[in-house]
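Engineer: Given the coordinates of chain A, work out where chains B, C, D, E and F should sit on it, guided by the hints.
Residue numbers (UniProt numbering), protein chains in the order written: chain A, 1 to 285; chain B, 1 to 285; chain C, 1 to 285; chain D, 1 to 285; chain E, 1 to 285; chain F, 1 to 285.
If you're looking for bench data, these hints aren't it; they were derived computationally from the structure. Computed from a predicted model, the values in this text were never measured in an experiment. A couple of the hints might just be wrong.
It does not matter which identical chain is used: a pair holds within one copy or between any two.
[To be verified] In silico BS3-like links for lysine-lysine, alpha-carbon gap of 30 Å or less: (1) K160 <-> K23; (2) K23 <-> K72; (3) K40 <-> K132; (4) K223 <-> K19; (5) K195 <-> K160; (6) K18 <-> K223; (7) K223 <-> K133; (8) K40 <-> K18; (9) K223 <-> K195.
There are 6 protein chains.
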Amino acid sequence: MTPLEKAGVLVEALPYIKKFYGKTVVIKYGGHAMINDQLKQAVVTDLVLMKFVGIHPVVVHGGGPEITGMLKRLGIESQFVGGLRVTDSPTMEVVEMVLGKLNKEITSLINRLGGRGVGLSGKDANLIIAAKKLGGEQQDIGFVGEVTEINPGLVETVLKEGYIPIISPVGVGRDGESYNINADYVAGAMAKALKADKLIILTDVEGILENRHDPSSLLSTIKVQDIPALVDRGVLQGGMLPKVDCCVEAIRGGVNSTHILDGRVPHSILLEVFTDQGIGTMVAP
Amino acid sequence: MTPLEKAGVLVEALPYIKKFYGKTVVIKYGGHAMINDQLKQAVVTDLVLMKFVGIHPVVVHGGGPEITGMLKRLGIESQFVGGLRVTDSPTMEVVEMVLGKLNKEITSLINRLGGRGVGLSGKDANLIIAAKKLGGEQQDIGFVGEVTEINPGLVETVLKEGYIPIISPVGVGRDGESYNINADYVAGAMAKALKADKLIILTDVEGILENRHDPSSLLSTIKVQDIPALVDRGVLQGGMLPKVDCCVEAIRGGVNSTHILDGRVPHSILLEVFTDQGIGTMVAP
Amino acid sequence: MTPLEKAGVLVEALPYIKKFYGKTVVIKYGGHAMINDQLKQAVVTDLVLMKFVGIHPVVVHGGGPEITGMLKRLGIESQFVGGLRVTDSPTMEVVEMVLGKLNKEITSLINRLGGRGVGLSGKDANLIIAAKKLGGEQQDIGFVGEVTEINPGLVETVLKEGYIPIISPVGVGRDGESYNINADYVAGAMAKALKADKLIILTDVEGILENRHDPSSLLSTIKVQDIPALVDRGVLQGGMLPKVDCCVEAIRGGVNSTHILDGRVPHSILLEVFTDQGIGTMVAP
Amino acid sequence: MTPLEKAGVLVEALPYIKKFYGKTVVIKYGGHAMINDQLKQAVVTDLVLMKFVGIHPVVVHGGGPEITGMLKRLGIESQFVGGLRVTDSPTMEVVEMVLGKLNKEITSLINRLGGRGVGLSGKDANLIIAAKKLGGEQQDIGFVGEVTEINPGLVETVLKEGYIPIISPVGVGRDGESYNINADYVAGAMAKALKADKLIILTDVEGILENRHDPSSLLSTIKVQDIPALVDRGVLQGGMLPKVDCCVEAIRGGVNSTHILDGRVPHSILLEVFTDQGIGTMVAP
Amino acid sequence: MTPLEKAGVLVEALPYIKKFYGKTVVIKYGGHAMINDQLKQAVVTDLVLMKFVGIHPVVVHGGGPEITGMLKRLGIESQFVGGLRVTDSPTMEVVEMVLGKLNKEITSLINRLGGRGVGLSGKDANLIIAAKKLGGEQQDIGFVGEVTEINPGLVETVLKEGYIPIISPVGVGRDGESYNINADYVAGAMAKALKADKLIILTDVEGILENRHDPSSLLSTIKVQDIPALVDRGVLQGGMLPKVDCCVEAIRGGVNSTHILDGRVPHSILLEVFTDQGIGTMVAP
Amino acid sequence: MTPLEKAGVLVEALPYIKKFYGKTVVIKYGGHAMINDQLKQAVVTDLVLMKFVGIHPVVVHGGGPEITGMLKRLGIESQFVGGLRVTDSPTMEVVEMVLGKLNKEITSLINRLGGRGVGLSGKDANLIIAAKKLGGEQQDIGFVGEVTEINPGLVETVLKEGYIPIISPVGVGRDGESYNINADYVAGAMAKALKADKLIILTDVEGILENRHDPSSLLSTIKVQDIPALVDRGVLQGGMLPKVDCCVEAIRGGVNSTHILDGRVPHSILLEVFTDQGIGTMVAP
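Chain A extracted, bound-state conformation:
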């Protein structure tokens, strides 16, 4: 690469740096990008770079595979109802322990790359208030929760002081109980409560594909109003549905743009935020 080409990349980033200066960006971090060491390094590098150019990243992470592993090691069997894990008390204890460990790992990695991470859960300063969520047919599935309120004060304090908050998707009920919440929903609610400018959800697919079997059929933008038709045509289905749902919720709550990105592409966050490069699918108002 010539010096001039290098300079060109930096100059290309300028309008984006200007645009997002002082803005908050919420990132749902999960899947492959959380397991592969090289991708992990790339994601965290992107977060630290954002912070240094004046953007405020807020991370909400998942942890499904590690939770399953630990439950297995402890001999705790999981039952599933409509795709949701029935979370009894011993299971919930494991969920909290594993998420807590992952949370501090990400935090530590941020610190090693020169950022200043702070690992939080929804219990800290009552950050995430949750209520019990019932399964498909109104079944009791234990300590599975949904967000009823976000108290963003603590996150705002640490953001203002220059830290990068990393948040576990554990909420606390009015009764003091802990609840396990889907991280996509926490990210959406957090983006709304923080009046974030952007919500980025990392996944393990290219984005939304017109034809699921053809990566070249990526839809770079879908509009909220077109979603019902996409569902009807079967383009939107399965695990992508709740993610799109969160994007729509966030947009309705005032978030400017929402993105479903391919977390398997190194630096996909960086490319989305700072370049003209099309990566993944934007869900737009």
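Structural biologist: Chains B, C, D, E and F in isolation, oriented as in the chain A frame:
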């Protein structure tokens, strides 16, 4: 109790409230007081009360028994060298998970009693920098660490904003590794780094007894200069030694007063801080 | 008293400390509690304690008996019209001198007990603007005034800087003249202007008694809407009427709760603010 | 006066306004200027004008004649020892009452002319700490005090918030007793404690005269080093001695310039501060 | 002048100092007062004096004669259309150079008299956004502009920090081009954007005269509603029309008072602002 | 360029962004980079980018060629003494006018690219105090000056508020006269006064070449201690000498690193600050 007696208690508290106004008090929380539900409630009530009258409590907690329990459940055997658990990588993973869960439990309890707790570990914002500690005969005992540096910025920020920080005794090495550190030592180092006014260590005994078998032989104050003689006479020995050690370190680091209290007495913190009541042993300069 | 009982009193105070944290409480200080040395000490102790736990007390004091004494010493005869002293110019001069002296005495006592008192009159920074008040049958009774405006800036400044303001009930007219104002009314108007949370009026009776001759018939709460009936039934009469009047005014001005307390009970303010103890009568919305 | 002459006066004031901008000027206010209504008006106008152009005046006032009058009215006889009034407890009570009344009168006059005065005594927030002063031959002369410490915090607070503080020369002892202090000495100590730029003492003579009987022999400046010779030659004697003493003390404490002005000349403060006009005597380092 | 007369002038200024304390005054500076050295000195003295007594002057200056001189020296001929100079690119370059030099000259003079001037043009921080203005019959007259937007942030910043801003009437178009704007209009728009209290326009006549040939026929005040009649009667005409226009615009934009003063009278600004002296014509709502 | 390569450039910039965050960088802008439109655009883009990532650029510009052109147009002949232009009063007038115009042009270009430029000269708020500089043999060469003092307050204020200051190298003498100063020296003095982290001098050569005729012989770093030898060997000579001189001065004044860059390379500032690319010569302590 007559109204006048009630008023008397409040009036008795006045000079202490004045004395500690705006001061930081570091509390090592562990042992019985962390297992018994009623004592837990009492300790947390004391913390919240302190915060409301303008004192800044900072909690460092332990977690030995729960760690042992979880290791057993996972079938991880522990080896001990000179009283210290050899902490290999799988053991350290469990240590972090269990401490993380306990940390958020205390946080949550504080929130329920009207405080605003924030659970942190030494990894958050590089709060506790650790180095590997060798066993008795320079043996490698794994990820057991000692504090080499405290970066108190994050704790100061949350204190200033009205939160109560709860800290797990996990440090991070220059190499990015996690280290398990004795909570007494973390509390001492934290008190020093925060320029705390007071260090309180909760234990499961009455304090330092002249005659170990006679609770009425409690020494209400010992001076730093008298410690060698107390060791010689066998009054100070066993698990009490590192606690006294931390007190001495804290005093040398500028902490005004240090206390070893009986955590089995409900509200022992409150009584120590706000009344003329003699509880436990003060280690004085 | 056992240590646990002591701790119990402090714990009982916790919700009240939380509730009133950062709030302003206006206290009308007069009568017996201002003459008896032991009661004086107790009242001032209560004020200092409140300040130290984060509450902002503001004191408005009276001074009737001392004024009468000084007028007698100076051979100035007082005429009364409908219970109000006709206040000519020489009388007014004495009123100001005596109130000024009492004001600085209270201030000084606060300072000796560790608070930081500042003695003010309504003339300082035009704190209390007054207008001439006529006697019962529109008679001219001299420099007797009523509050027309409060300029609370100075009081807010000294509160914010940690001082306890003590205020003499002397107002200044648009014409620059001094006016003597009933301290109850000044306390009520001050509570309203400062958006106080609580107004406490110290008196020399138990509170409002259903049967004036039976102290056990104390009404612990009366509602604003029930006052006309209480007047009709003769329960409310005489000197209690203007006090109740001030409470009603304050409530209508946004003050949360108002209390008529027995100033002869030591630490009645403390008991009212920090305990579940029923003392005196609350006038509630 | 032509418009141009008017403009000339304002332009002449410019360098003085610049020079004293943000500086503190302590004024001892007493004597004739405090009795004559027109002079009173002129002095207060000067204070308000100073405040509006960014200078911070602080007033310390006396009150001798009014105190004597009130003592007489109350039939309290005064005994004098070496020129100092023996101040027993009833006398001290009168001193405080009279000074308090005068204090609030000046305050009120400032407010009427558009300033924002705050009347304080040395008891407010322990502003003036005093110790008992003995008479000429170590005689006990009662509650006559001398300044041992100034706690200027309260005065600094009100100055910063735009108020003009008016201070009575009453101090408080370590024992809580009130002491009557010579106002010149209070002004000098206050100037020193506030790091004032200028100290102005208003008197009832032209200044220091070479020949006491010849007003045209005014010394416009005397140097500290020349004072002993002036005393030897009898130029400096009587009541002028303590005033010069205060000036010297203030200069040694860091005050830039000190002035003994003729309070009988209307607006003498204004002329001294804002014009080239020579008024009174400057005591210079 | 006697000392008392001097004091009288200062005292007369007091209510004006009070009235304008902290207020912004925009001054259009041009004509004779900008050429004559003595008048220049007087104007700048007035500005510095205002700043020192807490008023915030903002200067907008012209520069017609010097521009004409430089164009002549460079052999650039000027064409006029309806009284407006056709401003082609080489002419505009000269306009900017000359205004820039004059701007820094005024700034420098302010600094020499003890103020802290900062010279700005409408290009600094996009202070003045302009649009092309067409000549009388919609003719293209080059880079002559009119104000479309004021971005007052930079001026507010320097005012707050104690500087006196001096502004050249050069605006910048959305296209990045420079535009020459009539200084009267810039002053009016600036007064409006800064929410100024007063707008002063210096001219080379006595003000608005009922009879142009009789200086004694000065109208000291005209009301906005009377302007059409004054135009009809021929009292208002020629170069006075745009000045009155600016005053009306400013008044409609919330400016309290606007004045057309005789810049040939030394210290006319001072006399207008600080004395009862009638100078020039006030255009009032 | 692949997306990954793009991301790589941004990631390469991260450590530099961290390193210079909140630091001040002074840039001497002159020569070819100030004449060529494309280079001008590139330089200004670099400045705006720096500002957006939290670095504070301060620009000092020259203007030799344009000054010469305007002098010629006005028929003012220039005499040179030892390479320095004899600057009489008419010449100085032209210098100021031309620099002023260039200054606002750069400012305006910054604003168009999204920055917030403020154009200043050394006369604003007495930013640059200058003294007359004599020619080679102590000859009077008119208004040529050297920096004697920098008053950086105004520059610090505008930096803090987010503006980019652009400074003309015109100083003001104690006598109020304007002086033309070599821009390299102004940049060096400014870097020192602002405690800048870096000084960058743009030139029209590759940097310091070992062999003047061989661009590949560029010295990427020279040490202060090696300069005398480089002068002896003839490597350092001519116009490069004063530039190296300024660098040495700045280093001695506490500036961390100084650079002589080739202003003909587009984005040379960007490459120097944000990449590992070697551009020009660093003068190092």
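Engineer: Please go over all the hints and tell whether each is borne out by the structure.
Structural biologist: For each hint, the structure was consulted:
no.: 1; hint: K160 <-> K23; result: both (11 Å within a copy, 19 Å between copies)
no.: 2; hint: K23 <-> K72; result: neither (41 Å within a copy, 47 Å between copies)
no.: 3; hint: K40 <-> K132; result: between (32 Å within a copy, 26 Å between copies)
no.: 4; hint: K223 <-> K19; result: within (22 Å within a copy, 41 Å between copies)
no.: 5; hint: K195 <-> K160; result: both (14 Å within a copy, 24 Å between copies)
no.: 6; hint: K18 <-> K223; result: within (25 Å within a copy, 37 Å between copies)
no.: 7; hint: K223 <-> K133; result: within (29 Å within a copy, 43 Å between copies)
no.: 8; hint: K40 <-> K18; result: both (27 Å within a copy, 20 Å between copies)
no.: 9; hint: K223 <-> K195; result: within (20 Å within a copy, 44 Å between copies)
Checked against the numbered hints given earlier, the structure breaks only hint 2 and satisfies all the rest.
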